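Visitor: These are the residues of each chain, in order.
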Amino acid sequence: MSDSPENSVSETTEITAPPSNRIRRTIGLLLSLVAYGAAIFLALEVYRNIRVNPRTEDAQVRANVIGVSPQVGGSIIAIHVKDNQQVHKGDLLFDLDSRPYEAQAEQAKAQLALTELEIQAYKDQIAAAEAELKQSQAKAAYAVDYAKRIQALVGNLYVTVDKNQLAQTEAVTATDKVAQDQAALEKSRNLLGNKGDINVRRTAAEATLRDAELKLSYCKVYAPCDGYVVNLQITPGAYAAVGEQVFSIVDQKIWYVLANFRETDLRNIRPGMEAEVYLLAESNRKIKGIVQGLPKAITPQFAPTQNASGGQGILQNVSPTLDFILLAQRFPVRIVIDAPEEHSFRMGGTAAVIVRTTSDVEAGVKRLAELQKSDAPDFRAPIGSAKNLPLPPAPAP
Amino acid sequence: MNLRIVFSLLIVLVTMTGCDPQINVAGAYFPAWLLSALLGLAAFWLLHLVFLRTKMIPFFVPIPLFYAALYIALTCGFWLLFFASR
Chain A
74 MSDSPENSVS
84 ETTEITAPPS
94 NRIRRTIGLL
104 LSLVAYGAAI
114 FLALEVYRNI
124 RVNPRTEDAQ
134 VRANVIGVSP
144 QVGGSIIAIH
154 VKDNQQVHKG
164 DLLFDLDSRP
174 YEAQAEQAKA
184 QLALTELEIQ
194 AYKDQIAAAE
204 AELKQSQAKA
214 AYAVDYAKRI
224 QALVGNLYVT
234 VDKNQLAQTE
244 AVTATDKVAQ
254 DQAALEKSRN
264 LLGNKGDINV
274 RRTAAEATLR
284 DAELKLSYCK
294 VYAPCDGYVV
304 NLQITPGAYA
314 AVGEQVFSIV
324 DQKIWYVLAN
334 FRETDLRNIR
344 PGMEAEVYLL
354 AESNRKIKGI
364 VQGLPKAITP
374 QFAPTQNASG
384 GQGILQNVSP
394 TLDFILLAQR
404 FPVRIVIDAP
414 EEHSFRMGGT
424 AAVIVRTTSD
434 VEAGVKRLAE
444 LQKSDAPDFR
454 APIGSAKNLP
464 LPPAPAP
Chain B
886 MNLRIVFSLL
896 IVLVTMTGCD
906 PQINVAGAYF
916 PAWLLSALLG
926 LAAFWLLHLV
936 FLRTKMIPFF
946 VPIPLFYAAL
956 YIALTCGFWL
966 LFFASR
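Just so you know, the sequences run in chain order A and B.
Its first residue numbered 74, the first sequence is counted upward by one per residue in the working numbering.
Its first residue numbered 886, the second sequence is counted upward by one per residue in the working numbering.
If we strip away everything but chain A, and leave its shape as in the complex, we get (with noise of 0.2 angstroms):
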């Protein structure tokens, strides 16, 4: 019997000759306390571990999705983009049939043609009624004068009573003809729309014509942002109804995880923490991710409908029971996928997500804001004209 005992687990397995049993027990006692220590300490250090990097299984990849709907009915003439396509900002996805509405802008056209005859028409009237009210006033000056000449007269007999009543009459009938011809001059002049500097009838027609401009151009539907073209089942001769979604983009510029995380480990998380993503489409590929923040409120588990339309009223209706395990409530975590252009995502994939509760938050929070600052243009689709009807210019007001 050989007596070198052996401390190595991996070498007693080359040993010919196994050692005394004190040695054994020697050996035993220490391998015994070894595993207890080990035992407390890996499983504090994993306890420890977990709670500094909260992790959940339980996570979705999510993007922003825009239902592309048009402003305008009609029925799809033409599509220009496929199924599961790429788009950028500005392109052309399908076309309206736009007869109706170039026939109304075309209207409008003409109803602004109109008005500007209408308002030279307008001018004209002003111009009689002002000539008109030049008469009136010459003629009452001369009933007025002649009146008084008559009056003087009376006393002497020179004229008739008769006479100078129908003179009276006739000063006073052609005061309030001068009166009665401002009012018509002032009505006409209200008839001309001029407020200020500016022609309201002018500006009504013209609004109407840029209505049915726009309306026309809503006729042709261009992509909102960048992104992909996703359920696309239609083809031209669909009615499109307005606001009604066609098809969806979804935004690239964006990726999210929404990660649930147990309550208990929502404590520890704050906006601007690194966060460690796994897709698991894409196993093994550790993806950098910011806590972007975490949510207020979901729909309680209990008595969901307090306050709804058709619920309980305003009293609480609480279940007289209570489960004897409870399970901890998860709440969706936002976590903003950095560079996500790198990777294939998809909305909806499952992931991961491992938060690093002692990451620099400063840095991430800057970060956040890198990532989520719009520095493109906004997009106007460009607005489309009635092509038939020469427009008369503006004459000024």
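Simulated from the structure, these hints should not be mistaken for lab results.
In this text, all values refer to a predicted model and were calculated from it rather than measured experimentally.
Check before you lean on any hint, since a few could be wrong.
Chain A is faced by these chain B residues, among others (derived, beta-carbon under 7 angstroms) [said to hold, decoys possible]:
id, residue
1, Pro906
2, Gln907
3, Met941
4, Phe951
5, Ala954
6, Ile957
7, Gly962
Beyond 10 angstroms from chain A on every Cβ pair, some chain B residues (computed) [what the hints assert, rightly or not]:
id, residue
8, Ala911
9, Leu920
10, Ala922
11, Leu923
12, Leu926
13, Ala927
14, Trp930
Beta carbons are placed, not taken as given, at the ideal position from N, Cα and C, and that holds for glycine.
Mind docking chain B on chain A? Use the hints.
Guide: Same frame as chain A, but now just chain B:
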């Protein structure tokens, strides 16, 4: 037999370079702790064979507690080695 186990363990070590918390087996995702528990079990069995060969088993105090602690230590150790976030 021991050699075969060591070899298969080595293969597992080489293939698991990342620390993805989910293990994909033909479309089913298994949690990392489950793999750690299985690895712990394999290592535990390996050590048990060593203890059998060296006739050490009667000298651990107390035997059931020692074995429980050994299993916990191995499983936690594997988890920390492969799946802990650093």
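Visitor: Now, for every hint given, state plainly whether the structure supports it.
Guide: Taking the hints in turn, this is what the structure says about them:
no.: 1; hint: Pro906; result: holds, 5 angstroms
no.: 2; hint: Gln907; result: holds, 5 angstroms
no.: 3; hint: Met941; result: holds, 6 angstroms
no.: 4; hint: Phe951; result: holds, 5 angstroms
no.: 5; hint: Ala954; result: holds, 4 angstroms
no.: 6; hint: Ile957; result: holds, 4 angstroms
no.: 7; hint: Gly962; result: holds, 5 angstroms
no.: 8; hint: Ala911; result: holds, 13 angstroms
no.: 9; hint: Leu920; result: holds, 13 angstroms
no.: 10; hint: Ala922; result: holds, 12 angstroms
no.: 11; hint: Leu923; result: holds, 16 angstroms
no.: 12; hint: Leu926; result: holds, 15 angstroms
no.: 13; hint: Ala927; result: holds, 15 angstroms
no.: 14; hint: Trp930; result: holds, 14 angstroms
The structure is consistent with each of the numbered hints, conforming to all of them.
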